[in-house]
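Engineer: The primary structure of each chain is shown beneath.
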Amino acid sequence: MFENYQQAIKTSSKTLLANKGRSFLTMLGIIIGVSAVIIINTVGAGAQELILAQIKSIGTDKIAILPGNSGKKEPPASALGIVITTLNYEDMLALNKKNNVANAEIVVAYSNGNANISWKSNNYNINFTGTTHQHPEIINSELDQGRFFTKKEEKDFSRVIVLGSEAKKELFGDSDAIGQKVKIKKHSFEVIGVNKEKGTVGFENYDDKVFIPLRTAQSIILGINHINKIIIKVDNEKNINHAIEDVKNTIREQHNIKDKTGEKDDFSVKNSAEGLDMIKSITDALRYFLAAMAALSLLVGGIGIMNIMLVSVSERTNEIGLRKALGANNSNITTQFLIETITITLLGGSFGIILGILISFLIFIIAKLLNYNDWELIISLNSILISVGVSITIGLIFGIYPAKKASKLDPIIALQYE
Amino acid sequence: MLIKIQNLKKQYGEEELITKVLHGLSFTINQGEFISIMGPSGSGKSTLMHILGLLDRLTKGQYEFEGQDVSKLDDNQLAKLRNEKIGFVFQAFHLLPKTTVLENVMLPLAYSSDKKNHIAKAKKILESVDLGHRLNYYSNQISGGEKQRVAIARALVNNPSVIFADEPTGNLDSKSGKQVMELLQNLNDQGNTIILVTHETQTAEHANRIIQLKDGLIVNDSSVKNKRIAKNEKILVK
Numbered sequence: 333m334f335e336n337y338q339q340a341i342k343t344s345s346k347t348l349l350a351n352k353g354r355s356f357l358t359m360l361g362i363i364i365g366v367s368a369v370i371i372i373n374t375v376g377a378g379a380q381e382l383i384l385a386q387i388k389s390i391g392t393d394k395i396a397i398l399p400g401n402s403g404k405k406e407p408p409a410s411a412l413g414i415v416i417t418t419l420n421y422e423d424m425l426a427l428n429k430k431n432n433v434a435n436a437e438i439v440v441a442y443s444n445g446n447a448n449i450s451w452k453s454n455n456y457n458i459n460f461t462g463t464t465h466q467h468p469e470i471i472n473s474e475l476d477q478g479r480f481f482t483k484k485e486e487k488d489f490s491r492v493i494v495l496g497s498e499a500k501k502e503l504f505g506d507s508d509a510i511g512q513k514v515k516i517k518k519h520s521f522e523v524i525g526v527n528k529e530k531g532t533v534g535f536e537n538y539d540d541k542v543f544i545p546l547r548t549a550q551s552i553i554l555g556i557n558h559i560n561k562i563i564i565k566v567d568n569e570k571n572i573n574h575a576i577e578d579v580k581n582t583i584r585e586q587h588n589i590k591d592k593t594g595e596k597d598d599f600s601v602k603n604s605a606e607g608l609d610m611i612k613s614i615t616d617a618l619r620y621f622l623a624a625m626a627a628l629s630l631l632v633g634g635i636g637i638m639n640i641m642l643v644s645v646s647e648r649t650n651e652i653g654l655r656k657a658l659g660a661n662n663s664n665i666t667t668q669f670l671i672e673t674i675t676i677t678l679l680g681g682s683f684g685i686i687l688g689i690l691i692s693f694l695i696f697i698i699a700k701l702l703n704y705n706d707w708e709l710i711i712s713l714n715s716i717l718i719s720v721g722v723s724i725t726i727g728l729i730f731g732i733y734p735a736k737k738a739s740k741l742d743p744i745i746a747l748q749y750e
Numbered sequence: 040m041l042i043k044i045q046n047l048k049k050q051y052g053e054e055e056l057i058t059k060v061l062h063g064l065s066f067t068i069n070q071g072e073f074i075s076i077m078g079p080s081g082s083g084k085s086t087l088m089h090i091l092g093l094l095d096r097l098t099k100g101q102y103e104f105e106g107q108d109v110s111k112l113d114d115n116q117l118a119k120l121r122n123e124k125i126g127f128v129f130q131a132f133h134l135l136p137k138t139t140v141l142e143n144v145m146l147p148l149a150y151s152s153d154k155k156n157h158i159a160k161a162k163k164i165l166e167s168v169d170l171g172h173r174l175n176y177y178s179n180q181i182s183g184g185e186k187q188r189v190a191i192a193r194a195l196v197n198n199p200s201v202i203f204a205d206e207p208t209g210n211l212d213s214k215s216g217k218q219v220m221e222l223l224q225n226l227n228d229q230g231n232t233i234i235l236v237t238h239e240t241q242t243a244e245h246a247n248r249i250i251q252l253k254d255g256l257i258v259n260d261s262s263v264k265n266k267r268i269a270k271n272e273k274i275l276v277k
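Chains E and U are the protein sequences, given in the same order.
Under the numbering used here, the first residue of the first sequence carries the number 333, and numbering increases by one thereafter.
Under the numbering used here, the first residue of the second sequence carries the number 40, and numbering increases by one thereafter.
Watch out, some of these pointers could steer you wrong.
To be verified - Here are the simulated DSBU-like pairs of lysine-lysine, each with C-alpha atoms no more than 35 angstroms apart in a straight line:
no., chain 1, residue 1, chain 2, residue 2
1, U, Lys253, E, Lys740
2, U, Lys163, E, Lys352
3, U, Lys253, E, Lys736
4, U, Lys160, E, Lys346
5, E, Lys530, E, Lys513
Keep in mind that the hints were calculated from the coordinates and are not lab data.
The following block holds chain U by itself, in its conformation from the complex:
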């Protein structure tokens, strides 16, 4: 089991100004799953992703990541865990400006305990997402679809246990969006655990399982019967 949460609650503010966002969620996620967390604006899906991605702390409940109770970890331990076990893909790409594609992908390695072969690792990952020819391009010299593929390569470079993708197609045209989803699909086919946060049903249906949130509660948690992309379709990951 990769992730186990029990009665997870999250609230912001203090005393009279408390805003309750998540109201006691419980579920488990296994290694190799492709999960979509869906819901309308304000349903708490981003907050849930931040907690699961160890960027935020829960208020009440229990969260075990690979069997470890993360609520007892301090900020530095959480940072280490994020670096080694978690990859993030954001809607806004968040690539460093005035920095090359290769350097962007190497960024997580700067904080890694493994100090060897950073360039070789980053190059290999970039080649695997078909960006081997863009290594020395600056982040502002490539297209939106390529930027998101760089972000995916960056998420993969430390060989994480799980990749969180927050609206990864939100800033892309439909063609680039499709390519990015195919890439995530193929990564999942290779055994990577993907947790996708989206409000688009079409995007969510690439997953094997959809957790639907509404007003901070899980209203549906089910497997997807008709996945949009068949496993034998175009393989982007080499």
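Next comes chain E alone, as it looks inside the complex:
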């Protein structure tokens, strides 16, 4: 039995080598399909790591309160850019009271906007952030020059501004910025500090931003009362769930919401662990969808193989007749054609794996060159094993019909076929 298979493998290899061009073209569908599966899995895993690293960079001892309701694993509408005005300054003040949220160590609120900032003749479109005086503590940012604004300046609607490192470069170049007056929407602000380079935290680049006191931003520039986000740093990671409950109860009280189930909440409370879950579920869904698309291309590749094998059977009718005349039985012929198909799919699968890994590696190098340092090259053994398994299965499924067709040929008719 084993020798029969050995012989069939020899015969199949000879036939495939004798028709190198056609064998390669037959494999192409599988090569593309398998490499697509590998690339999607590897690049998907790399991108996921990058995203998760960003979430982790926020820290796991933080709670974010966003306006608008959302499910446990869904992002709130405000995170998708929809303006919701249900959170306000008073909510932040309430959360800051120890008898409301005992475990809150720092409470910081944010109100963001976009405007032109100018210094002398330099003009620069900028994302400004209205925030409270403890912002640097919550994201662990440090000042390169000057200082951050104080609680008093925050209360007094002071027109002071702290620049992110990139924003400073854009506006002032190498000139000294401290003490200079910059203009946002015709309002003059005194530069009191310049941040050290911080990079991206939780998908936000803090270097190209400028920071002004929250109430100044709300009343002077934006003309609004609502805020976009409140971040709370909890005294201990272990107390995070307790703190979340306190936060929910406090805001419900503030907003007169009697329902404790959360269904009527007009705000969302997220922590980084939930954020991780949420992002992971989104990226996983995306990966599975793309992998399914790639699997579809494998199916198309399989159908292509079946077509070419049927053409091959037709072209080799004489050969099949001859083999039968010389003593091959139906099972010999079936085995030969089946092994040919499996060899094609297996070789195609192997080339696909190599190509997939090479392209994934190339993407990894490009990501590193683009400073996506959290991008990791994760080649999953599972995706390789699945690709090999799928290749063999496709070979078996799509090879069986042409092989059976070949084995059923009448040797006399096959020998006379022209």
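Using the hints, position chain U against chain E.
Structural biologist: Frame of chain E, contents of chain U only:
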């Protein structure tokens, strides 16, 4: 006795579309005979060869090959018997393309139960038909006469009980045709049973016995008195 057929009938189709090809043939063939089956087109000689060569089944009658009733054998058993006991030489050579002479001759051994010394056996047979220098040539790189000699070597490689040659000179020029017939003649001289199917009288006369068919019936079955090639003529088989 190698072959015994009794009242062999063959028909194709079913019910109203029946075509009767052979109408009850009976004869025997002994080991070592050289027989020509002759007849015009449509006489049923190819059908008879296919049945005798176990490529086709008879409709009625009895066929014993080496004393075994072959009508009771299934497809796999027939394939095994063809592989071990029968060699075929076809008019169109039927050599595998993009395959060397040696590999073509080794082809029947791929389906043989004997798994040893395939290369040595094939080489030996090729040398015996004067093609030892063409082992690694591809089948499209050799002449028509050489192709038919490769086909004969392939028929011989499993040391069969009988060789069926279907119009073996049909695609050859007269010189190559003569060489092929001399080769078959010499194989017969060495004890091989040859059954030749032809419509050419000259070719048929190389045999010891000629069975003539017409419209599916044997019209003549006789020994040949004046064989074209004397036994002492050129010996190709070494």
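Engineer: So which of the earlier hints does this model not fit?
Structural biologist: 3
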